[in-house]
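Number of protein chains: 2
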Amino acid sequence: MKIKYPKGQEPEGVSAPFKVHKPAIGKRLSAANRGMDFEADINQSCLYYEEKGVALITKRPTPINVVKVDYSHGAKITNAYFEKQSTTDYNGVYQGRYLDFEAKETKSKTSFPISNIAPQQVAHLEKVEKNGGFAFFLIHLSQTDETYLLKASYVCLFYREKPRKSIPFAEIRSEGYAVKEGYNPRFDFLAAFDEAFLK
Amino acid sequence: MKIKYPKGQEPEGVSAPFKVHKPAIGKRLSAANRGMDFEADINQSCLYYEEKGVALITKRPTPINVVKVDYSHGAKITNAYFEKQSTTDYNGVYQGRYLDFEAKETKSKTSFPISNIAPQQVAHLEKVEKNGGFAFFLIHLSQTDETYLLKASYVCLFYREKPRKSIPFAEIRSEGYAVKEGYNPRFDFLAAFDEAFLK
Numbered sequence: 039m040k041i042k043y044p045k046g047q048e049p050e051g052v053s054a055p056f057k058v059h060k061p062a063i064g065k066r067l068s069a070a071n072r073g074m075d076f077e078a079d080i081n082q083s084c085l086y087y088e089e090k091g092v093a094l095i096t097k098r099p100t101p102i103n104v105v106k107v108d109y110s111h112g113a114k115i116t117n118a119y120f121e122k123q124s125t126t127d128y129n130g131v132y133q134g135r136y137l138d139f140e141a142k143e144t145k146s147k148t149s150f151p152i153s154n155i156a157p158q159q160v161a162h163l164e165k166v167e168k169n170g171g172f173a174f175f176l177i178h179l180s181q182t183d184e185t186y187l188l189k190a191s192y193v194c195l196f197y198r199e200k201p202r203k204s205i206p207f208a209e210i211r212s213e214g215y216a217v218k219e220g221y222n223p224r225f226d227f228l229a230a231f232d233e234a235f236l237k
Numbered sequence: 039m040k041i042k043y044p045k046g047q048e049p050e051g052v053s054a055p056f057k058v059h060k061p062a063i064g065k066r067l068s069a070a071n072r073g074m075d076f077e078a079d080i081n082q083s084c085l086y087y088e089e090k091g092v093a094l095i096t097k098r099p100t101p102i103n104v105v106k107v108d109y110s111h112g113a114k115i116t117n118a119y120f121e122k123q124s125t126t127d128y129n130g131v132y133q134g135r136y137l138d139f140e141a142k143e144t145k146s147k148t149s150f151p152i153s154n155i156a157p158q159q160v161a162h163l164e165k166v167e168k169n170g171g172f173a174f175f176l177i178h179l180s181q182t183d184e185t186y187l188l189k190a191s192y193v194c195l196f197y198r199e200k201p202r203k204s205i206p207f208a209e210i211r212s213e214g215y216a217v218k219e220g221y222n223p224r225f226d227f228l229a230a231f232d233e234a235f236l237k
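Listed in order, the protein sequences are those of chains A and B.
Each position in the first sequence, counted from 1, maps to that position plus 38 in my numbering.
Each position in the second sequence, counted from 1, maps to that position plus 38 in my numbering.
If we strip away everything but chain A, and leave its shape as in the complex, we get (with noise of 0.2 Å):
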C-alpha cells in the first residue's frame, strides 16, 4: 500500500490524494511486475475519470493512529501507528450512483485467497448494497496479468459460506467481468461496471 504521496505529484484541482503512476519503461511489460503497481493503476484510472468529467472517485487515506506530536517546529507526527482501513480503499460517485470498492491483487497461479480481505470489508460492502450503493471488487490477477471486476454480492457470499479458502481463477473468470486494461486509462474498470450493473 502506498502512503506517501510526493507533493508536486498532484495535478491541481484535483480531489484525491493520488499518486500518479509513472511508468517505468520496460519494466512496464512484465506480467510480474504488473501486479506491484495494480493500486497505483487505478490511482492513475480513477483520476483519468475525474478529468473527463466521467466520474469521481476517491481513495481513502490510510488511517494512522497519531500517538504523539511535537510541536517545536510546526507539527511533526515522532510517534504513531497503521490502523487497518475499516471500509474500502476506494468510493465515489458514477453518473450519480454511488461505488464503493476494494482493489486486490493476487501472485498466486491458481486461485484467490479470500483470507486477503478483511471481515468489516465485506460488512461494509453488504452495508452499501443495503444503502442501494453498488460495491464490488477489482481482482488482478498479476502472473496471467488479468483483471476482473467481481460484485460483492458474489465475493461476500463465497466469503460467508466458504465452500473453499480461495476463489479458483475458473470461478473468476466465468462469474467477473474482465476489465480491459490499456494506455489511459490505465484500467478501464467503468466500462466492466456497465456490463456488471447496468446491462
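Hints in this document: simulated from the structure, not taken from any laboratory.
Treat the numbers as computed from the prediction; the structure is a model and nothing was measured.
Keep in mind that the hints are not guaranteed to be accurate.
Identical chains share a label here; the pair holds if one copy fits it or two copies do between them.
What the hints assert, rightly or not - Straight-line Cα separation of at most 25 Å, DMTMM-like style, residue types lysine to aspartate or glutamate; simulated pairs: (1) Lys90 <-> Asp232; (2) Lys237 <-> Glu164; (3) Lys122 <-> Glu89; (4) Lys145 <-> Glu184; (5) Lys90 <-> Glu164; (6) Lys168 <-> Glu89; (7) Lys106 <-> Glu121; (8) Lys106 <-> Asp226; (9) Lys142 <-> Asp232; (10) Lys237 <-> Glu184; (11) Lys122 <-> Asp183; (12) Lys203 <-> Asp108; (13) Lys218 <-> Glu121; (14) Lys122 <-> Glu143; (15) Lys106 <-> Glu233; (16) Lys168 <-> Asp232; (17) Lys106 <-> Asp183.
Given the coordinates of chain A, assemble chain B onto it according to the supplied hints.
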C-alpha cells in the same frame, strides 16, 4: 480536528473509524462548548444512521505524509506530517444517493468566514454535483447553538463571487435548512437533507 481514534471505541461491524462521542454531563449544555464537539456529534449521527440502516456515511481519515518508519519493533512511524484533506471530510450513500459534505463550525457572532473553506473543497464539491451527487455543508454556529445545512451550490457560488468575505448569519438562516439537534442522532442532518434536496 480529531486525529486519533482510540482503540475499542469503534463498535464491531461499524465501517467508519468514528470516535464515539461521550457527552460530559453538564458541559454539554453550554453553547460555547457545543461547537467544540461538532465533528464528534456528526460522527455520532453517522454511526446512528449506519446502525439503523438509514445511510452509510464515513469520515475520510486525515491524510498523513509518512516520511520515516521504524521497523525494529513492528511498524512505528517516527516522522510524518499532517496533510490537508484534498476533498471533504464525509461521503457516503443514502437511499442510493451519493452524498458528500463538509462539517464546519464558527465561533463568530455575526457571520461565517469563507476563509474556513479550502479552494480544493469547493472544486471537489462542484465535481460531486457535476457527477450527479449531492453536495452540501453543515455549518454550526457555536455561539447560538444553531446548525444549518447549506447546499454546496449556494456556498460555492458565494465563494467564487465573493460578494463579502463571510456569509452573514441572516443569510445562512434564510438560505439554509435548520438541522434539528437531539439525543440520538445528535444532529438529524438527513431530515434537513430531505427538506433541502428532495422536496
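Hint check results:
1. Lys90 <-> Asp232: within (17 Å within a copy, 30 Å between copies)
2. Lys237 <-> Glu164: Within one copy only: 21 Å inside a chain, 29 Å across chains, cut-off 25 Å.
3. Lys122 <-> Glu89: Between copies only: 21 Å across chains, 30 Å inside a chain, cut-off 25 Å.
4. Lys145 <-> Glu184: within (11 Å within a copy, 54 Å between copies)
5. Lys90 <-> Glu164: For Lys90 and Glu164, only the inter-copy Cα distance (14 Å) is at most 25 Å; the intra-copy one is 30 Å.
6. Lys168 <-> Glu89: Between copies only: 12 Å across chains, 30 Å inside a chain, cut-off 25 Å.
7. Lys106 <-> Glu121: both (15 Å within a copy, 16 Å between copies)
8. Lys106 <-> Asp226: neither (41 Å within a copy, 34 Å between copies)
9. Lys142 <-> Asp232: Close inside one copy (20 Å), not across copies (36 Å); limit 25 Å.
10. Lys237 <-> Glu184: Answer is within; shortest intra-copy Cα gap is 22 Å, inter-copy 46 Å.
11. Lys122 <-> Asp183: neither (27 Å within a copy, 35 Å between copies)
12. Lys203 <-> Asp108: neither (45 Å within a copy, 33 Å between copies)
13. Lys218 <-> Glu121: neither (32 Å within a copy, 34 Å between copies)
14. Lys122 <-> Glu143: Result: close within a single copy only, 17 Å intra versus 29 Å inter.
15. Lys106 <-> Glu233: Result: close neither inside a copy nor across copies, 48 Å intra and 43 Å inter.
16. Lys168 <-> Asp232: Answer is both: 20 Å inside a copy and 19 Å across each meet the 25 Å cutoff.
17. Lys106 <-> Asp183: The answer is neither: 42 Å in one copy and 32 Å across copies each exceed 25 Å.
Checked against the numbered hints given earlier, this structure breaks hints 8, 11, 12, 13, 15, 17; the rest are met.
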